[in-house]
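One letter stands for each residue in the lines below.
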Amino acid sequence: MKPLIAAAVFGVLMMFASLNVKEKRNLSNFANILFLILLGINIWEFVEVYKHGASIEAFKGMIIYSPLSVWFNTLIVALSLFYSLYNARGIERVGVHVGEYYSLIFFMLVGAHLLSVYNHVLILFLGIEIISIPQYILAGADKRNLKSSEASLKYFLMGAFSTGITLMGLTLLFGGTGTFELNAMDFSEWNYMMLTGVIFLLISFGFKVSAAPMHIWTPDVYDGAPTAFAGFMATVVKASIFMAFVNIFIHFYELKDVWQALIAIVIVLTLLIGNITAVYQQSVKRMLAYSSIAQSGFMLFAVYASDAIAVKGIVLYAIAYTLATLMLFGVLSHMKDQTYDGFNGLSKKEPFVAFALTIALLSLTGIPLTAGFFAKFYMLQAAFNTGIDYTLYLVLFALLMSTVSVYYYFRLIWAMYFKIGNPILNFEISKAQKAILALGLVLIIVVGIYPDVLFFFL
Amino acid sequence: MILLFLILIPLVSGLLSFVIQSEQVKSLAIVSSLATMVVSIILAFVFQNETAFLEIPWLQGMGASFALKAGGISIFMALLTGIVYFILFISRLQVKLPNLNRYIGLLLLTQAGLMGVFLAHDFLLFYFFWELALIPMYFLASQWGDENRVKVTFKFFVYTFLGSLFMLAGLIYLYLQANQSFQYEHILAAANQLDASTQQWMFWLVFIAFAIKMPLFPFHTWQPDAYETTETSSTIVLSALMVKMGLFAVIKWLLPLFPEGTAYWSSTVIVLSLIGIIYASLIAFVQKDIKRVIAYSSIAHIALMNLGLFMNTESAIDGVMYQMFNHGITVTGLWLLMSIIENKYKTRNMSQMGGMAKLAPTASIFLVILAFSNVGLPLTHSFIGEFMIFNGIMQSAFDNHILFMVLAGSGIILSAMYMLRLVQKVAYGKVPKQVESYVEAKDISTPEWIGLGLVLLIVIVGGIYPNVFMQVFL
Numbered sequence: 005m006k007p008l009i010a011a012a013v014f015g016v017l018m019m020f021a022s023l024n025v026k027e028k029r030n031l032s033n034f035a036n037i038l039f040l041i042l043l044g045i046n047i048w049e050f051v052e053v054y055k056h057g058a059s060i061e062a063f064k065g066m067i068i069y070s071p072l073s074v075w076f077n078t079l080i081v082a083l084s085l086f087y088s089l090y091n092a093r094g095i096e097r098v099g100v101h102v103g104e105y106y107s108l109i110f111f112m113l114v115g116a117h118l119l120s121v122y123n124h125v126l127i128l129f130l131g132i133e134i135i136s137i138p139q140y141i142l143a144g145a146d147k148r149n150l151k152s153s154e155a156s157l158k159y160f161l162m163g164a165f166s167t168g169i170t171l172m173g174l175t176l177l178f179g180g181t182g183t184f185e186l187n188a189m190d191f192s193e194w195n196y197m198m199l200t201g202v203i204f205l206l207i208s209f210g211f212k213v214s215a216a217p218m219h220i221w222t223p224d225v226y227d228g229a230p231t232a233f234a235g236f237m238a239t240v241v242k243a244s245i246f247m248a249f250v251n252i253f254i255h256f257y258e259l260k261d262v263w264q265a266l267i268a269i270v271i272v273l274t275l276l277i278g279n280i281t282a283v284y285q286q287s288v289k290r291m292l293a294y295s296s297i298a299q300s301g302f303m304l305f306a307v308y309a310s311d312a313i314a315v316k317g318i319v320l321y322a323i324a325y326t327l328a329t330l331m332l333f334g335v336l337s338h339m340k341d342q343t344y345d346g347f348n349g350l351s352k353k354e355p356f357v358a359f360a361l362t363i364a365l366l367s368l369t370g371i372p373l374t375a376g377f378f379a380k381f382y383m384l385q386a387a388f389n390t391g392i393d394y395t396l397y398l399v400l401f402a403l404l405m406s407t408v409s410v411y412y413y414f415r416l417i418w419a420m421y422f423k424i425g426n427p428i429l430n431f432e433i434s435k436a437q438k439a440i441l442a443l444g445l446v447l448i449i450v451v452g453i454y455p456d457v458l459f460f461f462l
Numbered sequence: 230m231i232l233l234f235l236i237l238i239p240l241v242s243g244l245l246s247f248v249i250q251s252e253q254v255k256s257l258a259i260v261s262s263l264a265t266m267v268v269s270i271i272l273a274f275v276f277q278n279e280t281a282f283l284e285i286p287w288l289q290g291m292g293a294s295f296a297l298k299a300g301g302i303s304i305f306m307a308l309l310t311g312i313v314y315f316i317l318f319i320s321r322l323q324v325k326l327p328n329l330n331r332y333i334g335l336l337l338l339t340q341a342g343l344m345g346v347f348l349a350h351d352f353l354l355f356y357f358f359w360e361l362a363l364i365p366m367y368f369l370a371s372q373w374g375d376e377n378r379v380k381v382t383f384k385f386f387v388y389t390f391l392g393s394l395f396m397l398a399g400l401i402y403l404y405l406q407a408n409q410s411f412q413y414e415h416i417l418a419a420a421n422q423l424d425a426s427t428q429q430w431m432f433w434l435v436f437i438a439f440a441i442k443m444p445l446f447p448f449h450t451w452q453p454d455a456y457e458t459t460e461t462s463s464t465i466v467l468s469a470l471m472v473k474m475g476l477f478a479v480i481k482w483l484l485p486l487f488p489e490g491t492a493y494w495s496s497t498v499i500v501l502s503l504i505g506i507i508y509a510s511l512i513a514f515v516q517k518d519i520k521r522v523i524a525y526s527s528i529a530h531i532a533l534m535n536l537g538l539f540m541n542t543e544s545a546i547d548g549v550m551y552q553m554f555n556h557g558i559t560v561t562g563l564w565l566l567m568s569i570i571e572n573k574y575k576t577r578n579m580s581q582m583g584g585m586a587k588l589a590p591t592a593s594i595f596l597v598i599l600a601f602s603n604v605g606l607p608l609t610h611s612f613i614g615e616f617m618i619f620n621g622i623m624q625s626a627f628d629n630h631i632l633f634m635v636l637a638g639s640g641i642i643l644s645a646m647y648m649l650r651l652v653q654k655v656a657y658g659k660v661p662k663q664v665e666s667y668v669e670a671k672d673i674s675t676p677e678w679i680g681l682g683l684v685l686l687i688v689i690v691g692g693i694y695p696n697v698f699m700q701v702f703l
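Residue numbers (this note's numbering), protein chains in the order written: chain A, 5 to 462; chain B, 230 to 703.
Since the hints were derived computationally from the structure, they do not count as laboratory data.
Ideal Cβ placement from N, Cα and C applies to all residues, glycine included.
A few of these clues could be false.
Unchecked claim - Calculated cross-link-like contacts (lysine-lysine; reagent style DSBU-like; alpha-carbon spacing at most 35 Å):
no.	chain 1	residue 1	chain 2	residue 2
1	A	Lys316	B	Lys298
2	B	Lys517	B	Lys575
3	A	Lys423	B	Lys575
What the hints assert, rightly or not - Covered stretches of chain A, as calculated for chain B (at least 3 residues, CB under 8 Å):
no.	stretch
4	385-395
5	406-414
6	446-457
So that you can see chain A by itself, here it is in the shape it has in the complex:
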């Protein structure tokens, strides 16, 4: 409960701060301090829940705090801190309303919090909306840029459409089960109403996590939105929505005969479209957008399996994917030329940055000793655990697509190390930013060697 209140209060605080503080740098510093406090409050909450042992109910059971959900939320806030520490200067350069950008990010964290602890579907809906609406605004934050406005409008229209489907799905679910509380829903006697509801939810969640064929908005939105915000949308937001996605489908487990095959099709499409299209991109930003679709394909395995390992896996995947992608988007926001050629010869100019990016790319590819390996490992393990006979083909297909991903990830390594050029930076990568990249690098490797560190309390 405390982090929820704190995040909302901090959002409001930032709004007032933007009225009184003129210096952009001070606003960023203030926001970073607030992020740090929020992280502290989250850890405090986690310790309390952990000591309590069992789950804690709030709002008459509409929200349930379990150690895992609070822990996940703590990680999300920690990643947001990581994001804002690195991107502070990038955010300052987007426009004049710096305080408001931060305030919107805090509100998104309110949504993320609700998404990890909900039990009542109304809370789920609130969470999705609270996390989505600020994104429409942030996507259009760069007002002078037409592409940014286009991204914002596109995202909003598509988002509104998917909201409608979400609502319809939830209503049908209520019609079928007679309750809004997930714990109380009984699927032992199924009817078409609840089935349709589940499929509608699958579609609307698929839209939010950019699973094919509901992915069409993703490249344009990530490409048009200011790089500093695109990074946040592609990572932290996506991770929290995935957590909600897995959590709700765990409750639908009894209906799995119906939706598992559907998700299998969605996985195949997502992996295929994401990976193959990413190969043809010239702009690194668009490549990252398609890579985020491709990575969604892997994360969907968690939904496909919807069991305890899948939940652990999604936590791990969220960390691995978010850290690596944040590092890439972070450095990308410095580049004047955002194509692959813009990265030519980066290893000569900024050897450490190039090295950190290489590790991040290896992690996205899923090479052992990096966090990405265990993330993929857990996903495939969860998939195999389902014991469905076509899973093997699904897994082999995913691995084949993973090989395709080598091409576009290594192309960046290729540009940085083996090509000659002089990359032009819009603004220098400061020592502090390099320290943050170093932190990300260390985290990727630590999780890659000893992933149990994320589940010490289980």
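Based on the hints, put chain B in the right spot on chain A.
Here is chain B on its own, set in the frame of chain A:
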């Protein structure tokens, strides 16, 4: 404890070489590789055939541990790695390369990965090291070498990575069958209990990774280009050690894990190996580039070893183990010589060479002896290894073993043809007019002498009294 040293010495010195100065890095490389070699010799000849074991808790929640175990072939391969790296560093002491400290650092990291692959006794750990050896190799081959190295290396990387991923799928499947444990014994028990049809497809899932690494026909297309374009030291590591990972993995993992799958697919693999022997030998015969001759000859030799592995006779498998070591040593010497020859004539085209016996008599003597060793002439150690393999083929229970014998034996004849052709074109005749002006009459340098001398010593000793080495694994 001693096993940990084999991995830690190259790992730590490899990381260290990224931070120290270029001049000191050479002494670091020599000291480090010497230390590793000494440890591997102690392991091989003091521990003899006892098994050394080490287990450190790692991912207990997942049922994986940092388990190393050495016995028999593992020790032998660790010994090969130790020796080859020492020869490599000592004989290329005077070579000048840009960013030398990074080059040596990556080489040493690869060594750590190789040692890990040979010693790992836990499936997940094995997979970790399998990839760990690949990543530094990718950077080694992409940054130093010929012009189109980046593309060629990328092909190599994608090939091997695809293979590894198939193995990963198999690994996870077995892991779940073994009640979530990666321990060798548990995996082994679980795999043996699989029914025949499951073993049959699991066989390919795992074998494809090894077949690409070897490389077995038709997965070999990355290999000649990669050997041709990479810098000599990387080529040596690739062809003397890395391809042995595939053969080693077949011995330690594939054959014990899937006996029924192996029985079912043996004839297919044998046919592929036989095609590989004949096909690669024929292509080697028409190559103009000296490096490509050795590359194709390597494919043929590996295919012969792979053939031996699937014969299911003790003699053949023992022969393959010995031949893996022999091939590693001989090919190291050959690659060193190829780079010496290339530097002398400033080309790799055989038709523009000749008369090296006059220009550099010592190098020519080494070339002749190592070429004989590559062919498998008596008194060289390859003779013993190949003899045992053929003996095993004759003993095998396959109906067509005589045919296998004839086809595989024709590989030996062909190898004599292309190796003697190479020797003849390079060492004898006159120095061609067009290269006369710039050819160096200098013979080999002292470091190269030491390296090639060590190679020669092992070739001859192993050929006359093979028990010195065979006692390690028999």
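Are A/Lys423 and B/Lys575 close enough, with their CA atoms no more than 35 Å apart?
holds, 26 Å
Test coverage of the stretch 385-395 of chain A by chain B using CB-CB distances below 8 Å; three residues minimum.
Coverage by chain B holds for the stretch 385-395 of chain A (3 residues, Cβ < 8 Å).
Verify the coverage statement for the stretch 446-457 of chain A against chain B, using a C-beta to C-beta distance below 8 Å and requiring 3 or more qualifying residues.
This one holds; 3 residues, not fewer than the three required, reach chain B with a Cβ under 8 Å.
Counting residues of the stretch 406-414 of chain A that have a beta-carbon nearer than 8 Å to any beta-carbon of chain B, does the count reach 3?
Per the Cβ count (5), the hint holds.
Are the Cα positions of A/Lys316 and B/Lys298 separated by 35 Å at most?
holds, 31 Å
Has the given pair, B/Lys517 with B/Lys575, been kept, meaning a C-alpha gap of at most 35 Å?
The given pair, whose Cα atoms are some 14 Å apart, holds under the 35 Å limit.
When the structure is compared with the earlier hints, no violation turns up for any of them.
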